[in-house]
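Asker: Residues per chain are reported as follows:
Protein chains: 2
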Amino acid sequence: MRPQIVLFGDSITGQSFQLGGWGAALANNFSRKADVFNRGYGGYNTRWALFLLHQIFPLHGLMKPPVAATIFFGANDAALFGRSSERQHVPVEEYKENLRKIVHHLKDCSSSMLVVLITPPPIDEDGRMEYARSVYGERAMKEPERTNEVTQIYAKHCIELAEELSLPSINLWAKIQETDGWQKKYLRDGLHLTAEGNEVVYNEVVGVFEKAGVSAAEMAYDFPHHSEIDAKNPQNSFQIQCS
Amino acid sequence: MRPQIVLFGDSITGQSFQLGGWGAALANNFSRKADVFNRGYGGYNTRWALFLLHQIFPLHGLMKPPVAATIFFGANDAALFGRSSERQHVPVEEYKENLRKIVHHLKDCSSSMLVVLITPPPIDEDGRMEYARSVYGERAMKEPERTNEVTQIYAKHCIELAEELSLPSINLWAKIQETDGWQKKYLRDGLHLTAEGNEVVYNEVVGVFEKAGVSAAEMAYDFPHHSEIDAKNPQNSFQIQCS
Numbered sequence: 001m002r003p004q005i006v007l008f009g010d011s012i013t014g015q016s017f018q019l020g021g022w023g024a025a026l027a028n029n030f031s032r033k034a035d036v037f038n039r040g041y042g043g044y045n046t047r048w049a050l051f052l053l054h055q056i057f058p059l060h061g062l063m064k065p066p067v068a069a070t071i072f073f074g075a076n077d078a079a080l081f082g083r084s085s086e087r088q089h090v091p092v093e094e095y096k097e098n099l100r101k102i103v104h105h106l107k108d109c110s111s112s113m114l115v116v117l118i119t120p121p122p123i124d125e126d127g128r129m130e131y132a133r134s135v136y137g138e139r140a141m142k143e144p145e146r147t148n149e150v151t152q153i154y155a156k157h158c159i160e161l162a163e164e165l166s167l168p169s170i171n172l173w174a175k176i177q178e179t180d181g182w183q184k185k186y187l188r189d190g191l192h193l194t195a196e197g198n199e200v201v202y203n204e205v206v207g208v209f210e211k212a213g214v215s216a217a218e219m220a221y222d223f224p225h226h227s228e229i230d231a232k233n234p235q236n237s238f239q240i241q242c243s
Numbered sequence: 001m002r003p004q005i006v007l008f009g010d011s012i013t014g015q016s017f018q019l020g021g022w023g024a025a026l027a028n029n030f031s032r033k034a035d036v037f038n039r040g041y042g043g044y045n046t047r048w049a050l051f052l053l054h055q056i057f058p059l060h061g062l063m064k065p066p067v068a069a070t071i072f073f074g075a076n077d078a079a080l081f082g083r084s085s086e087r088q089h090v091p092v093e094e095y096k097e098n099l100r101k102i103v104h105h106l107k108d109c110s111s112s113m114l115v116v117l118i119t120p121p122p123i124d125e126d127g128r129m130e131y132a133r134s135v136y137g138e139r140a141m142k143e144p145e146r147t148n149e150v151t152q153i154y155a156k157h158c159i160e161l162a163e164e165l166s167l168p169s170i171n172l173w174a175k176i177q178e179t180d181g182w183q184k185k186y187l188r189d190g191l192h193l194t195a196e197g198n199e200v201v202y203n204e205v206v207g208v209f210e211k212a213g214v215s216a217a218e219m220a221y222d223f224p225h226h227s228e229i230d231a232k233n234p235q236n237s238f239q240i241q242c243s
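Going down the list, the sequences are from chains A and B.
1 is the number of the first residue of the first sequence in UniProt numbering; add one for each residue after it.
1 is the number of the first residue of the second sequence in UniProt numbering; add one for each residue after it.
Isolated chain A, as found in the complex (with noise of 0.2 Å):
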């Protein structure tokens, strides 16, 4: 019945309905008005992402394709290869024709879909080393598993793909290096994002959908407003709504 925006990604998307999560703050953004679907798979790359889409976004589903959709991976494409993660890394050539195979297939969903690409945050790489020491002690990798460098190599892909396809996007790997401190601000591991990072995801996501004309603001209601409904005679406030 609602609109719906589909949130689609890897863990930065998957733990976004933890406490001060981006998702959970849009969802609440659109209470009422869009119904907000969390399609985080933690540890994925646009590899295996592919594999879920016909079943994430069914070309003829017996449901309203979504009004938006965020696209939000990168940050595990980026893992090193030769490194401890290096399971999880895809080329960036292919990364960003992986983007484009799931953005050409939500455009098929239906063309009036808002798709927003997002860039994987920035890596701090002591903070990387800090957390895996603190989870696996001795045993610990001794070289960061992703580098910052080599992230900005996928956002800049990403960027390039969506001015390509004439697509808004965020760089988030920028943007968050913006603030001084950002390393420990918006980052709890060197990788995932603080409650603080979550607001700038948040932000940012908003900023873009108002901006393309997916605005809680300008949504109606589902049902009239509790001061709108003629406490009489309450059916005629219904019909209303309905016809």
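By construction, these hints were calculated from the structure, which means they are not laboratory data.
Please note that a few of the clues may not be correct.
For identical chains, the list gives no copy identity; a pair is met inside one copy or between any two copies.
[Claimed, not checked] Taking lysine-lysine pairs in the BS3-like style, the calculated list, with each CA pair at most 30 Å apart, reads:
(1) K96 / K232
(2) K232 / K64
(3) K33 / K64
(4) K33 / K107
(5) K232 / K156
(6) K175 / K185
(7) K101 / K185
(8) K64 / K107
(9) K33 / K211
(10) K156 / K96
(11) K156 / K185
(12) K142 / K232
Since the structure is predicted, the reported quantities are computational estimates derived from the model, not experimental observations.
Fit chain B to the supplied structure of chain A, relying on the hints for placement.
Answerer: Same frame as chain A, now just chain B:
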């Protein structure tokens, strides 16, 4: 595709995706397992809720019916007749019968649906008056529009109905008052929940759900965990999942 959980209620449900909200926490708990839908309608009583039933819970929909639903009304029904919120007032016997109609409708949708009744929270009358003064100043109501004593009667009828229908229920009115200082600890304006109050609701709902067999731990992931994907031949992992 995923099982659905619907939260049906008034503002205490509608606000449940705010920071620290019980709905967002529930969505996070069921991450990758089930979708949680916020169907909270601020200011609504059970009389008005009846008008929404067929649209929120269609009897002959294309979608599978929800696996679980919370019904969380009464805070507005219990507004006092003759006071400032009297338009929301519903007599307690009608409140109980309206709840019964809601339950019957949900069971008509799906006899296996887990339906959980939640009583309204208690009222902190001082907190309510303070809040009114902070918003309306001199024009604030001179007498509380809800009392804890009257709300207790609604809570009692809600629990009685749950017993009559052999449904699980949460006596939030009683539960919240078990803790000293509940007035400010759990309520922020004498009626609506603080983050800590939301945590109480979340814990109660998850507890009742698990006892009734709706447990995230027992539900399957919709797609393989990333650690189980065959990185060399990912298609194998996804074929297995779909078969």
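Asker: Could you run down the list of hints and mark each one as holding or not?
Answerer: Going through the hints against the structure:
1. K96 / K232: between (59 Å within a copy, 20 Å between copies)
2. K232 / K64: neither (36 Å within a copy, 36 Å between copies)
3. K33 / K64: The answer is both: 15 Å in one copy and 22 Å across copies each meet 30 Å.
4. K33 / K107: Both, since 23 Å and 26 Å are each at most 30 Å.
5. K232 / K156: Cα proximity of K232 and K156: across copies only (27 Å, versus 60 Å in one copy).
6. K175 / K185: Answer is within; shortest intra-copy Cα gap is 13 Å, inter-copy 37 Å.
7. K101 / K185: neither (34 Å within a copy, 50 Å between copies)
8. K64 / K107: both (13 Å within a copy, 26 Å between copies)
9. K33 / K211: within (17 Å within a copy, 32 Å between copies)
10. K156 / K96: within (10 Å within a copy, 59 Å between copies)
11. K156 / K185: Cα proximity of K156 and K185: one copy only (23 Å, versus 48 Å across).
12. K142 / K232: Answer is between: at 25 Å across copies they meet the 30 Å cutoff, but 72 Å inside does not.
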